[in-house]
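K.L.:
For reference, the chains in residue letters:
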Amino acid sequence: MGKIIELNFKKNSLRKINNFLQNINYRTNKRDYTIKNPSGQHAVCAGLKEDIIVKIRGHVGYYCGGMNQKAKIIIDGNAGTGLGENMMSGTIHVKGNVSQSAGATAHGGTIIVEGDASSRCGISMKGVDIIVKGSVGHMSGFMAQSGTLLICKDAGEALGDSIYETVIYVAGKTKSLGADCIEKKMNKTDIKKIEFLLEKGNIKKLKPNNFKKFGSSRKLYNFNVDNVSEY
Amino acid sequence: MCGIVGLYLKKKSLQNKLGLYLSGMIDNMSSRGPDSAGFAIYNNNRSKKFYKYSLCVNDKKTSDKFAKDIIQHFNDIKLENISDHIVVTTSVLHQKFISYLQTNFKDISLVGYGKSIEIFKQVGNPKKVIKKFKLEKFSGSHAIGHTRMATESAITVDGSHPYSTGEDECLVHNGSLSNHNNLRRQLLKKGKKFNSLNDTEVAAGYISQKLSEIKSTKNTLKDCLSNLDGFYTFILGTNNGFAVLRDEIACKPAVIAENNDYVAVASEFQAMAHLPNVNKANIYEPEPGVVYTWGK
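Top to bottom, those sequences are chains A and B. Under our numbering, the first sequence has 82 at position 82, and the numbering climbs by one with no breaks. Under our numbering, the second sequence has 93 at position 93, and the numbering climbs by one with no breaks.
Warning: the hint list may mix true and false statements.
Keeping only pairs whose Cα atoms sit at most 25 Å apart, straight-line, the calculated BS3-like set for lysine-lysine is [to be verified]: (1) A:K10 x B:K222; (2) A:K95 x B:K280; (3) B:K280 x A:K55; (4) A:K175 x B:K222.
To be clear, the hints were calculated from the coordinates, so they are not data collected in a lab. Quick caveat, the model's predicted, so the values are computed rather than measured.
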């Protein structure tokens with residue numbers, strides 16, 4: 001591990017701070033770090049690899065926590081476009097709102113948003129669990145392939161457009177469903193999964209039966225010889 | 001890409017800091033648009049009788065000749081040189097002034113005019129542009145700025161934002177329009193004039209035309225949703241304040257921070273991170289297809 005530097009954007013550059021956090025020796029005892037004055041900068045905490053906790057005091061810009069592995073990132077503020085983009089594992093917890101495309105293409109781990117998420121939340125997600133305590137904007141879950149998107153309030157237009165095997169749970173109203181997205185019947189596995197996510201998100205006001213389940217009707221993504229003229 | 005910013009001050013005591021705050025906003029957005037920059041400042045302090053004409057003069061010779069000639073031609077003329085721009089304050093009405101300019105000084109471009117607006121724009125890195133015009137010294141009630149990454153037309157002053165196509169109006173735009181050629185033809189028939197091949201200038205012209213017909217900022221921008229095809233986040237400045245509109249797909253970003261002192265709009269939060277108490281402001285993204293307005 002390099003020399004410990006002050007994780008303050010008024011004193012050090014993004015490159016220096018990220019470089020420090022990306023190269024922490026896993027044998028080190030220090031596991032808690034706090035970042036000050038992020039001032040909406042992009043790519044804060046991108047590419048972390050170790051099991052550390054990073055608290056960010058303030059608002060961050062685009063792609064915060066992108067490609068994250070193992071680390072727990074807590075943002076005491078809002079986050080811009082592409083939060084946790086292509087995350088592999090670990091947790092990102094946002095205390096405020098997040099902009100569009102949160103959790104885009106993320107393969108694993110958990111994203112918890114205390115506020116609202118903007119449009120295209122969970123676009124093309126590939127295994128991440130996303131818990132949004134507020135509402136999500138239009139085209140959320142667009143082409144989502146795997147993982148779970150739990151929405152505690154409302155969903156915007158065209159939810160789950162062209163969805164593959166991601167499962168979406170919504171407690172509030174859904175403005176409209178996108179192509180090939182349908183409401184599905186809940187089963188025991190769903191109830192267990194929702195209970196698990198509610199506990200993870202520390203959500204006490206809602207129960208699994210408050211949610212509706214949405215997923216793919218699987219008519220769009222398989223090749224169908226009857227539709228050959230449409231392709 | 002492009003970066004857009006807007007700042008509306010609710011507190012009068014902050015008005016002398018308008019330029020200072022805006023310069024930080026434009027500086028922070030130079031990463032989104034390194035090709036050119038521009039800004040419009042609204043200052044209602046002057047008498048209602050006078051117009052301000054913001055002119056861009058590229059060479060010293062023309063500038064000197066203009067200064068000499070115009071004083072002889074019109075009676076009450078006050079000139080202020082700011083870098084390569086000249087702000088003319090006069091009671092001469094715009095039809096008269098513009099026709100004088102067009103007949104005698106074809107090389108001088110009128111950047112904008114109105115009773116409270118002053119507009120400055122120039123090619124080059126935004127950091128240098130705001131320094132050249134000494135933006136931090138300006139005061140006023142509200143302001144709009146732009147940093148450009150050129151896509152639709154050449155990197156020239158005429159291709160830079162803000163676009164002003166009517167009295168005290170101006171528009172900045174992040175995005176691109178796909179039906180601007182058709183719209184331009186329609187507007188040319190109605191007598192509108194354009195100085196560039198830029199898509200935003202057409203949007204500005206369209207908005208001016210609609211504003212003169214329906215007199216409401218809100219309804220004019222609502223009308224844009226059905227008649228402007230393409231991607232956009234707009235900030236429209238008027239004498240009274242400004243308005244924000246995102247297209248319904250909303251892939252061009254915008255964030256708003258509002259508190260008791262000011263309303264700030266920008267493409268990204270980092271543009272406003274230096275504003276006082278912004279971390280405690282109400283911060284949100286404007287919804288797609290919804291018109292937001294501030295001002296009297």
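K.L.:
For every hint, state whether the structure bears it out.
P.N.:
Verification of the supplied hints:
| no. | hint | result |
| --- | --- | --- |
| 1 | A:K10 x B:K222 | 42 Å, violated |
| 2 | A:K95 x B:K280 | 13 Å, holds |
| 3 | B:K280 x A:K55 | 18 Å, holds |
| 4 | A:K175 x B:K222 | 21 Å, holds |
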